[in-house]
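Protein chains: 2
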Amino acid sequence: MNTDWIAVDWGTSHLRAWAMQGSAVVAEAQSQDGMSKTAGGDFQAALMALIEPWLPAAPVDLIACGMVGARQGWVEAPYNAVPSTPIPSAPIRVPGTDRRIRAFVVPGLKQTIPADVMRGEETQIAGFLAPRPHWDGVICLPGTHTKWAQISAGEVISFRTFMTGELFELLRGQSVLRHSVDDGWDEDSFSEAVADALSKPEQLAARLFGLRAADLLHGQSKAVARARLSGLLIGAELAASRPYWLGQQLAIIGSEGLSGVYATALKQQGGMVETVDATTATLTGLLQARTLTRQTA
Amino acid sequence: MNTDWIAVDWGTSHLRAWAMQGSAVVAEAQSQDGMSKTAGGDFQAALMALIEPWLPAAPVDLIACGMVGARQGWVEAPYNAVPSTPIPSAPIRVPGTDRRIRAFVVPGLKQTIPADVMRGEETQIAGFLAPRPHWDGVICLPGTHTKWAQISAGEVISFRTFMTGELFELLRGQSVLRHSVDDGWDEDSFSEAVADALSKPEQLAARLFGLRAADLLHGQSKAVARARLSGLLIGAELAASRPYWLGQQLAIIGSEGLSGVYATALKQQGGMVETVDATTATLTGLLQARTLTRQTA
Numbered sequence: 001m002n003t004d005w006i007a008v009d010w011g012t013s014h015l016r017a018w019a020m021q022g023s024a025v026v027a028e029a030q031s032q033d034g035m036s037k038t039a040g041g042d043f044q045a046a047l048m049a050l051i052e053p054w055l056p057a058a059p060v061d062l063i064a065c066g067m068v069g070a071r072q073g074w075v076e077a078p079y080n081a082v083p084s085t086p087i088p089s090a091p092i093r094v095p096g097t098d099r100r101i102r103a104f105v106v107p108g109l110k111q112t113i114p115a116d117v118m119r120g121e122e123t124q125i126a127g128f129l130a131p132r133p134h135w136d137g138v139i140c141l142p143g144t145h146t147k148w149a150q151i152s153a154g155e156v157i158s159f160r161t162f163m164t165g166e167l168f169e170l171l172r173g174q175s176v177l178r179h180s181v182d183d184g185w186d187e188d189s190f191s192e193a194v195a196d197a198l199s200k201p202e203q204l205a206a207r208l209f210g211l212r213a214a215d216l217l218h219g220q221s222k223a224v225a226r227a228r229l230s231g232l233l234i235g236a237e238l239a240a241s242r243p244y245w246l247g248q249q250l251a252i253i254g255s256e257g258l259s260g261v262y263a264t265a266l267k268q269q270g271g272m273v274e275t276v277d278a279t280t281a282t283l284t285g286l287l288q289a290r291t292l293t294r295q296t297a
Numbered sequence: 001m002n003t004d005w006i007a008v009d010w011g012t013s014h015l016r017a018w019a020m021q022g023s024a025v026v027a028e029a030q031s032q033d034g035m036s037k038t039a040g041g042d043f044q045a046a047l048m049a050l051i052e053p054w055l056p057a058a059p060v061d062l063i064a065c066g067m068v069g070a071r072q073g074w075v076e077a078p079y080n081a082v083p084s085t086p087i088p089s090a091p092i093r094v095p096g097t098d099r100r101i102r103a104f105v106v107p108g109l110k111q112t113i114p115a116d117v118m119r120g121e122e123t124q125i126a127g128f129l130a131p132r133p134h135w136d137g138v139i140c141l142p143g144t145h146t147k148w149a150q151i152s153a154g155e156v157i158s159f160r161t162f163m164t165g166e167l168f169e170l171l172r173g174q175s176v177l178r179h180s181v182d183d184g185w186d187e188d189s190f191s192e193a194v195a196d197a198l199s200k201p202e203q204l205a206a207r208l209f210g211l212r213a214a215d216l217l218h219g220q221s222k223a224v225a226r227a228r229l230s231g232l233l234i235g236a237e238l239a240a241s242r243p244y245w246l247g248q249q250l251a252i253i254g255s256e257g258l259s260g261v262y263a264t265a266l267k268q269q270g271g272m273v274e275t276v277d278a279t280t281a282t283l284t285g286l287l288q289a290r291t292l293t294r295q296t297a
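Sequence lines, in order, name chains A and B.
Using the working numbering, read the first sequence as starting at 1 and increasing by one per residue.
Using the working numbering, read the second sequence as starting at 1 and increasing by one per residue.
Just so you know, the hints here were simulated from the structure itself, not pulled from any lab data.
Among the hints, a few may not be true.
One copy or two, either will do: identical chains are not told apart, so a pair holds if it fits within one copy or between any two.
Claimed, not checked - In silico SDA-like pairs for lysine to any residue, Cα to Cα no more than 25 Å straight-line:
id, residue 1, residue 2
1, K267, S255
2, K200, Q268
3, K200, L246
4, K37, L216
5, K37, L217
Given the structure is predicted, the values throughout are model-derived calculations rather than measurements.
Modelling step: build the complete structure from the supplied sequences, incorporating the hints.
Below, the structure is given as structure tokens:
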């Protein structure tokens, strides 16, 4: 195997690495050593456990994005301020690494008013825009902390983060609703809940308890409850982000399942939506970031 | 000590008991043996650990309210449907108890559309109304699952439950916001957040992440963040419950701290609010419930 460079996506809950030849993936590996496990610990050891088999004799570039660039991360990669291109400055070199790697971390983006931050999504946005240099519109990046980014002339003009994914996980796993929700799904219930929350987003906390009550009183199915829970949270998010997406060209960058759920909700509201695979966008963005390191090396 | 009867408030997270002589408290005790600990276990043992020292030679009545009457509780006390008086039917006798007690559990209330349930609050409402038989208006009972109940001619006409308290605890303790919030408080930040959420309740999930970003970018104080978190959630609840409270006579039944927070928010919106101690309301309601058991005994 001939590893040209190594791409790394290192978030709060996961660590993923790819051995690359140019833009082609030659090997991949992942572990649960996200930042929530490794913070304050041995970052290099967690990484080497995945990539050691790929390392050639000569040093290779390793380009990482995500929470690994936070203050408590492997190296702090200070935020760049919007408006700006997604990756306006060169990735930050990690000092004192194993000699077989030259490691860099991509800086995140910040917005002063309203206060907001991203780490990792800037790389996906860069990867999305690389083959679409004249694309203007709004990108939705669903996840634990879903981002909406307004793009114009190759720059991120502004963005907003919603805690929708984290709320869903907390409510499903830790709240009283855990007794009333399972892993099932019901498409109609999802769509109804999205429409309901879009028209009355302020009712969220009451609608949530209603899922519990509907179980106790009417034996509502746990699959219906899960779809409604998701629909209520995403519907409220769409109500709040409407100024972003209404009448705009829209792209969703995410995992297949979650992108599909957001696409369903947006199409239901008349949105025109393109969905893009998150991994493809990440790898294309990291390849771009690598070019920046070589320009400044 | 001459124990006439025993009052018990048995919720999800706590167990409280009082030795009573008529309406006077002669002793009290509490433990963490709430329903989340005792469900499926030995209810009577958890109770006896608190009340055994109070028991006279002759059997005494014990009247309990709260989640203890759920299907998985000590005895199931089926819900009564609204509209109805708060306690329209006699408490349910617990079979097979220690001979020194005659134990009863107060039934909760249910509402079919929209689906909703309460257990314990009906007793507090009964206790509040006992000395105010002609009181019409809206009662707010803040807690893990805050209830709003519309009262007319001595009946609970309708009610709504909001998961506000549970959301606050999950977000404060388990979400990414746990890094940005402490136990402090800032009154002005609370009031601003209430007003903000009342005018834009749909922005909740974005405003929540904003608390994290304001910490990372501007070093926002953790006391300010806690007050804002509370204000955003309560403001969204007030936006949703506005049809309930606007222009109505209002009472809040709760613990001193939480009642004060809700009263501040409602007064800020021009509401006229009376606050009532939750324990007093519970004991008065349980005394009323005891009368019902004796009528049907």
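Now the hints, each set against the structure:
no. : hint         : result
1   : K267 to S255 : within (18 Å within a copy, 46 Å between copies)
2   : K200 to Q268 : both (16 Å within a copy, 23 Å between copies)
3   : K200 to L246 : both (18 Å within a copy, 18 Å between copies)
4   : K37 to L216  : between (38 Å within a copy, 20 Å between copies)
5   : K37 to L217  : between (41 Å within a copy, 24 Å between copies)
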